[in-house]
Amino acid sequence: MNSFFARRFVIQAIFIVMALVLLAKLFYIQVLDEKYYLSAENNVLRKLVIYPARGPILDRNGKVLVQNEPVYDIMVIPREVKPFDTLEFCRLIGIDKPGFDKRFQKAKKYSPFRASIFEKQLSAQLYQVFQERLFDFPGFFVTKRTVRSYPDSTAAQFLGYIGEVNDAAIEKSGGYYRPGDYIGISGVEKAYEPTLRGQRGVQNLMVDAFNRPKGHFADGRYDTLAVAGEKLISSLDLRIQQLGERLMKNKVGSIVAIEPSTGEILAFVSSPTYDPNLLVGRERGNNVAKLYKDPYNPFLIRPIQARYSPGSSFKPVDGLIALQEGLIAPSTTFFCPHFYQAGNHRVSCEHYDGVTDLRKGIAMSCNTYFCNVFEKLINRAGPRQTINSFVSWRENVLKFGLGKKLEVDLPGESRGNVPTPEHYDKIFGKNRWRSSSIISLAIGQAELLATPLQLANIECIIANHGYYYTPHLIKAVGEKQIVKKEFKERHSVEVNAQYFEPIIDGMQQVVESGTAAGARIPGIVMCGKTGTVQNNHGKNHSVFVAFAPRENPKIAIAVVVENAGYGSSWAAPIASYMVEKYLTDSISRPKDQIEYIAEKNLLPELKSKAPAVKPKTKADSSKRDTSSIKQVKTNQLKSAR
Amino acid sequence: MNNQRNLFFNVDWVTILIYLTLCIIGWFNIHAAVLDPIHPGIMDLSTNYGKQLLYILSALVLGFFILIIDSKFYNSFSPIFYGLTILLLVVVLVVGRNVGGNQAWIPLGSFRLQPSEFAKFSTCLLLARYLSSTTTKVQDFKTILSCAAIIILPVVLIMMQPDTGSALVFTSLIFVLYREGLSGYFLLIEGLSIVLFVLTLLYNKFYVLAGVVVFAAILIYFLKRNRSAIQTVIIGVIYSLCFIFSVDFAYNNILKSHQKTRIDVILGKVDDPRGQGYNLNQSKIAIGSGRLWGKGYLQGTQTKYDFVPEQSTDFIFCTVGEEWGFAGSFVLIGLYLFLLLRIIFLAERQRSTFSRVYGYGVASIIFFHFFINLGMTIGLIPVIGIPLPFISYGGSSLWSFTILLFILLKLDSNRMGIV
Chain A
1 MNSFFARRFV IQAIFIVMAL VLLAKLFYIQ VLDEKYYLSA ENNVLRKLVI YPARGPILDR
61 NGKVLVQNEP VYDIMVIPRE VKPFDTLEFC RLIGIDKPGF DKRFQKAKKY SPFRASIFEK
121 QLSAQLYQVF QERLFDFPGF FVTKRTVRSY PDSTAAQFLG YIGEVNDAAI EKSGGYYRPG
181 DYIGISGVEK AYEPTLRGQR GVQNLMVDAF NRPKGHFADG RYDTLAVAGE KLISSLDLRI
241 QQLGERLMKN KVGSIVAIEP STGEILAFVS SPTYDPNLLV GRERGNNVAK LYKDPYNPFL
301 IRPIQARYSP GSSFKPVDGL IALQEGLIAP STTFFCPHFY QAGNHRVSCE HYDGVTDLRK
361 GIAMSCNTYF CNVFEKLINR AGPRQTINSF VSWRENVLKF GLGKKLEVDL PGESRGNVPT
421 PEHYDKIFGK NRWRSSSIIS LAIGQAELLA TPLQLANIEC IIANHGYYYT PHLIKAVGEK
481 QIVKKEFKER HSVEVNAQYF EPIIDGMQQV VESGTAAGAR IPGIVMCGKT GTVQNNHGKN
541 HSVFVAFAPR ENPKIAIAVV VENAGYGSSW AAPIASYMVE KYLTDSISRP KDQIEYIAEK
601 NLLPELKSKA PAVKPKTKAD SSKRDTSSIK QVKTNQLKSA R
Chain B
1001 MNNQRNLFFN VDWVTILIYL TLCIIGWFNI HAAVLDPIHP GIMDLSTNYG KQLLYILSAL
1061 VLGFFILIID SKFYNSFSPI FYGLTILLLV VVLVVGRNVG GNQAWIPLGS FRLQPSEFAK
1121 FSTCLLLARY LSSTTTKVQD FKTILSCAAI IILPVVLIMM QPDTGSALVF TSLIFVLYRE
1181 GLSGYFLLIE GLSIVLFVLT LLYNKFYVLA GVVVFAAILI YFLKRNRSAI QTVIIGVIYS
1241 LCFIFSVDFA YNNILKSHQK TRIDVILGKV DDPRGQGYNL NQSKIAIGSG RLWGKGYLQG
1301 TQTKYDFVPE QSTDFIFCTV GEEWGFAGSF VLIGLYLFLL LRIIFLAERQ RSTFSRVYGY
1361 GVASIIFFHF FINLGMTIGL IPVIGIPLPF ISYGGSSLWS FTILLFILLK LDSNRMGIV
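Chains A and B, in that order, give the protein sequences. Residue numbering for the first sequence follows our numbering, starting at 1 and increasing by one per position. Residue numbering for the second sequence follows our numbering, starting at 1001 and increasing by one per position.
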């Protein structure tokens, strides 16, 4: 023992205090501060998103409309690249030397250590050639992706397309999508996006300090598998869809065919169309630009976005409403002196029909008859009650699916237009209009506007004797073939079934001996109605609506060919080929007739740079409405003279 | 035979138990730090943990031999040990292999020897022998100079390698001198110097100086009556002044730029997580991510995937912190503290000054390694590359700590004998 024995305590105290200092600091960084924990995850975890295969879309007979096709992206890790034959490389994948340098610099700029895409979407053929030489190009490798492919290049506007998601959609999705993801942009691809896209999987990969993969985090306990998108069975019939597209070549217009008993859309032709394969692959950008420049606007989904006056095809609706309201009977006759006159207004009729009953009125498409019917409807409670009667007429028209969205399962549907009393108050002054002021509505002209889908839907209603199902494009979803509930719901127009018979009689006559006699199909009773629609874009639109067969109808159809003249000359034969093909799977008439129609160029002349029909904004449509009424009025004045 | 039985009866088994525990903890953490899941063999001699197992076994053999050698041997041969070490330290400067910027290794066949490790116990032994001679009194200036000379000779040679970390270890021997009667002022001065050193580097030197003066003024105000205390304070202020300016000069004119950066990073003067601060930042991330209970054995990601450099040697504590969390770190620090206090207890129960001085030497050196190593991994102290005793990977380090500790155990087992 020596005199400094007590100093042991000082030394012990220093040791203990220092140990406590270490513990305090450890407690701070390990328990109190979360920063390090989070940094550790950033260090080591890489979330790898596994993209599921997008659901395929089939036609009603199981034929593939859209599927996925493998394409190959060439990836590069710049630091691992060793000198190689650049020219040979460029030749193999079809790029030039400056293009190569540009891509390589871009990859290098992104990261010398990480893989980045060098060239996108090599086709399988190019890949095969390239792959054999891959070992000559260290640092390059290939990853497989899938893109949409359309084996029959058909139904472009129906199917729509997918593309890289934009910022607005990313925000709307609440961060589900990330830049570079693909999303349905139009058509079924957009409408059924959540079903088609499937469920993404995530792999939590660990990497070391040099970004080398080190397997799955926690042995993959937090990884999820990608679930492929559901398959969609569309209601489309590929046979008549392709026929329709062929017939509508070099024309502007639409064909919509619906199965009346279900509301399933059988054909959905929008012309001019484009090959959906153009929107896939390396040339996509150029192709899109080209299509956007096309003055006939192939991206417009005409069956649901183009709006036309229904013209004569509206007459059955007028007749049905009047019958239901008890204002006429099938036997009611009006005298047709070649025109209809009310006050200063005169509507000419193409024919001198004489004493005309309802059946004859439909069959001959007598303007006079339906102007009289309309007058009865609007004046039912006397001229002072015009507005009330008009409102009640309007409500009845809306029941037929006009003037409102049918809620078809495609985005961007137009509601068409059924004018409101307020609209006329604005034009003529409050309450200063009578049936004669708006008589053009009687023959489906003026402000009355309908989409081809709405026209076809009216035929479904007639075929069904008074009801329709919401027209839809997707019959069933997934392996279980689930049908959406809303598509099974029956919408009634509240017209008694018996009133349809005289109308249908008249429509049968239209095809057998009336305005569309040329569209008769041997062995099939088709009921139809032609329309020759005045418009302010040039020649009349050729319109034909029909359903067949008369008993137990299988197909209802509307055909619009813009600026092509009489309904009987183009729309009616086109519709009859479609119907025959659908019902009998063959066409009895000579092939060269189809060829003639298909080859006939009826594209309207371009007056200005603007396309004939554009997707409308509200401001745009009201302008058009007023201009068309003026147009019709001048026509009326002309014919009155 | 009787002698042998006495030996094992008298050996302090508590210390041996802690020693073994630390070695085993070390092995498991080295295993975790470098384990490649694809080749999970335990006895694979190409891996660090395979080799460490050999080192541990050979260290145990070494310890056994130390215990059976006569305890007088260490006292009598201490000048020869010291001389040999100094010789080796000179030799290493001539023929040494340069590893990581330090010429610290003598190649011996497939094997490398690090003389600076052995300088620790030989310096302790010589210091013990010198202080135990009856003519020395630590209060004497001459004795202090002699002790300083014994310590500074190896320090200078090690600094020439240059291995600053190992050289700094010897400053811990001030605890030994303090225990033997060195004035407490030296300890105070050392503490004051450290504080001033840090403050000078952190802040403008004139502010620090002003702070010192204000602090001294307050002290003097309270010490009105005590003239000698006031004298001491004034001397302290003068010392501080000199020290502050010399630190400032050294920092700006002597230190190399990478050393400056290291100090700057640790002091938080620069934020540099990708450059010089990378090691420290990754080390803190690894330890901090362990949270309270750790990620579990072999579940650590930061150390295993090479985010932390030197993860089985100087930064082995990262694995402990990451996989065992604060709880594991607490246990480890507790074990070290227990070992240190146990060594002090052993030292104090010696009858001979030689054994006691040596015991304090062992405690000081282990403490310094333990505190500096842990402190640097968690960012309390600049990154000074020294190993964690018994735990870090490496044969030289493990053997030198084994020799250091087992000589004490031998001396202790023989404490009743005549020295």
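Treat the hints with caution; some may be incorrect.
Part of the chain A face toward chain B, derived, beta carbon under 7 Å [what the hints assert, rightly or not]:
no.: 1; residue: Lys25
no.: 2; residue: Ile29
no.: 3; residue: Leu32
If you want a taste of the chain A side facing chain B, the calculated C-beta under 7 Å gives, among others [as the list claims (entries may be wrong)]:
no.: 4; residue: Phe4
no.: 5; residue: Arg7
no.: 6; residue: Ile11
no.: 7; residue: Phe15
no.: 8; residue: Val17
no.: 9; residue: Met18
no.: 10; residue: Ala19
no.: 11; residue: Gln30
no.: 12; residue: Val31
no.: 13; residue: Tyr36
no.: 14; residue: Ser39
no.: 15; residue: Val44
no.: 16; residue: Leu48
no.: 17; residue: Val49
no.: 18; residue: Tyr51
no.: 19; residue: Lys214
I should point out that these hints are in silico values taken from the structure, not numbers from a laboratory. Small disclaimer: the values here were computed from a predicted structure and weren't measured. Backbone N, C-alpha and C fix where the C-beta goes; we use that ideal spot for every residue, glycine too.
Here is how each hint holds up against the structure:
| no. | hint | in the structure |
| --- | --- | --- |
| 1 | Lys25 | holds, 5 Å |
| 2 | Ile29 | holds, 4 Å |
| 3 | Leu32 | violated, 10 Å |
| 4 | Phe4 | holds, 5 Å |
| 5 | Arg7 | holds, 5 Å |
| 6 | Ile11 | holds, 5 Å |
| 7 | Phe15 | holds, 5 Å |
| 8 | Val17 | violated, 11 Å |
| 9 | Met18 | holds, 5 Å |
| 10 | Ala19 | holds, 5 Å |
| 11 | Gln30 | holds, 4 Å |
| 12 | Val31 | holds, 5 Å |
| 13 | Tyr36 | holds, 2 Å |
| 14 | Ser39 | holds, 5 Å |
| 15 | Val44 | holds, 4 Å |
| 16 | Leu48 | violated, 16 Å |
| 17 | Val49 | violated, 21 Å |
| 18 | Tyr51 | violated, 26 Å |
| 19 | Lys214 | holds, 6 Å |
Violated hints for the displayed structure, listed by number in ascending order: 3, 8, 16, 17, 18.
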